[in-house]
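Visitor: Produce the complete structure using the sequences and hints provided.
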Amino acid sequence: MREPLSVQSVIDELVDLYPIEKLMLFGSRAVGDFDSRSDFDVAVFAPELCRRKFSRLRLDAAESRTLYWVSLVHFESNPPALQERIVSQGVVIYERS
Numbered sequence: 280m281r282e283p284l285s286v287q288s289v290i291d292e293l294v295d296l297y298p299i300e301k302l303m304l305f306g307s308r309a310v311g312d313f314d315s316r317s318d319f320d321v322a323v324f325a326p327e328l329c330r331r332k333f334s335r336l337r338l339d340a341a342e343s344r345t346l347y348w349v350s351l352v353h354f355e356s357n358p359p360a361l362q363e364r365i366v367s368q369g370v371v372i373y374e375r376s
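By the count of the working numbering, the sequence shown reaches residue 376 at its end, each step adding exactly one.
There's no promise every hint is true.
[As the list claims (entries may be wrong)] Pairs of lysine to aspartate or glutamate, EDC-like flavour, derived with a Cα cap of 20 Å:
(1) K301 - D291
(2) K332 - D295
(3) K301 - D339
(4) K332 - E363
(5) K332 - E342
(6) K301 - E374
(7) K332 - E300
(8) K332 - D291
(9) K301 - E363
(10) K301 - E355
(11) K332 - E292
(12) K301 - E327
[As the list claims (entries may be wrong)] Distance ranges between label pairs, derived from CB positions:
(13) A360 - S288: 23 to 33 Å
(14) S288 - R335: 13 to 23 Å
(15) E292 - D318: 10 to 20 Å
(16) E300 - P358: 12 to 22 Å
(17) S367 - E300: 26 to 36 Å
(18) R331 - V310: 10 to 20 Å
(19) R316 - S376: 26 to 36 Å
(20) R331 - G311: 12 to 22 Å
(21) R344 - Y297: 15 to 25 Å
(22) N357 - R335: 11 to 21 Å
(23) S350 - P298: 13 to 23 Å
(24) P359 - S288: 28 to 38 Å
No lab work stands behind these hints: they were computed from the structure.
Please read all numbers here as calculations on a predicted model, not as lab measurements.
Note that the Cβ used here is the ideal one computed from N, Cα and C, for glycine as well.
Guide: See below:
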């Protein structure tokens, strides 16, 4: 039986496989209002990623064995109100150099 991966391991795999410019943690874990069962809400900044490829990215993340659920949203595909909330409350956890 395989050991569960850390959330960081999943992120490392995704940025190696996809043209991701930036990842931001947002939601309860970003603002410090979470419990042990809270998921990791992550905004994916990838303007070159089409909807089909983003669906594949989400599937790859979902198939990863982690101790926590990682919920991914495509930043560019969300309404301005959510984008604003992500940027104002979010924490950058990866940025392509």
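Visitor: Hint by hint, say whether it matches the structure.
Guide: For each hint, the structure was consulted:
Restraint check for K301 and D291: the C-alpha separation of about 12 Å stays at or below 20 Å, so the hint holds. Between K332 and D295 the alpha-carbon distance is near 14 Å, which keeps this suggested pair within the 20 Å criterion. The hinted pair formed by K301 and D339 meets the criterion: a straight-line CA distance of about 18 Å does not exceed 20 Å. Pair hint K332 plus E363 does not hold up; C-alpha atoms about 24 Å apart against a cutoff of 20 Å.
With a C-alpha separation of about 15 Å, the suggested pair K332 and E342 falls inside the 20 Å cut-off, and the hint holds. At roughly 4 Å between alpha-carbon atoms, K301 and E374 fall within 20 Å of each other, so this suggested pair holds. The hinted pair formed by K332 and E300 meets the criterion: a straight-line CA distance of about 15 Å does not exceed 20 Å. For the proposed pair K332 and D291, the alpha carbon gap of about 17 Å is at most 20 Å, so the pair holds.
Under the criterion of a C-alpha separation no larger than 20 Å, the hint pairing K301 with E363 is consistent with the structure, at around 15 Å. A distance of roughly 12 Å separates the Cα atoms of K301 and E355; the hinted pair therefore holds under the 20 Å criterion. With a C-alpha separation of about 15 Å, the suggested pairing of K332 with E292 holds against the 20 Å cut-off. In summary, the hint linking K301 to E327 is supported, as the alpha carbons are separated by about 12 Å, within the 20 Å threshold.
The hinted window of 23 to 33 Å between A360 and S288 holds, with their beta carbons roughly 32 Å apart. Range check, S288 to R335: Cβ separation about 19 Å, and the 13 to 23 Å hint holds. The hinted window of 10 to 20 Å between E292 and D318 holds, with their beta carbons roughly 18 Å apart. Between E300 and P358 the beta carbon distance is about 20 Å. The supplied range of 12 to 22 Å therefore holds.
Between S367 and E300 the beta carbons are some 19 Å apart, a value that contradicts the proposed interval 26 to 36 Å. Against the hinted window of 10 to 20 Å, the Cβ-Cβ separation of R331 and V310 comes to about 32 Å, which falls outside the hint. Range check, R316 to S376: about 34 Å between beta-carbon atoms, so the 26 to 36 Å window is met. One distance hint, 12 to 22 Å for the beta-carbon pair R331 and G311, is violated here, with the actual separation near 35 Å.
The beta-carbon spacing between R344 and Y297, approximately 19 Å, falls within the hinted interval of 15 to 25 Å. For the pair N357 and R335, the beta carbons lie near 18 Å from each other, so the given range of 11 to 21 Å is met. In this structure the hint that S350 and P298 lie 13 to 23 Å apart at CB holds, the actual value being about 20 Å. For the pair P359 and S288, the supplied restraint of 28 to 38 Å holds, since their beta-carbon distance comes to about 32 Å.
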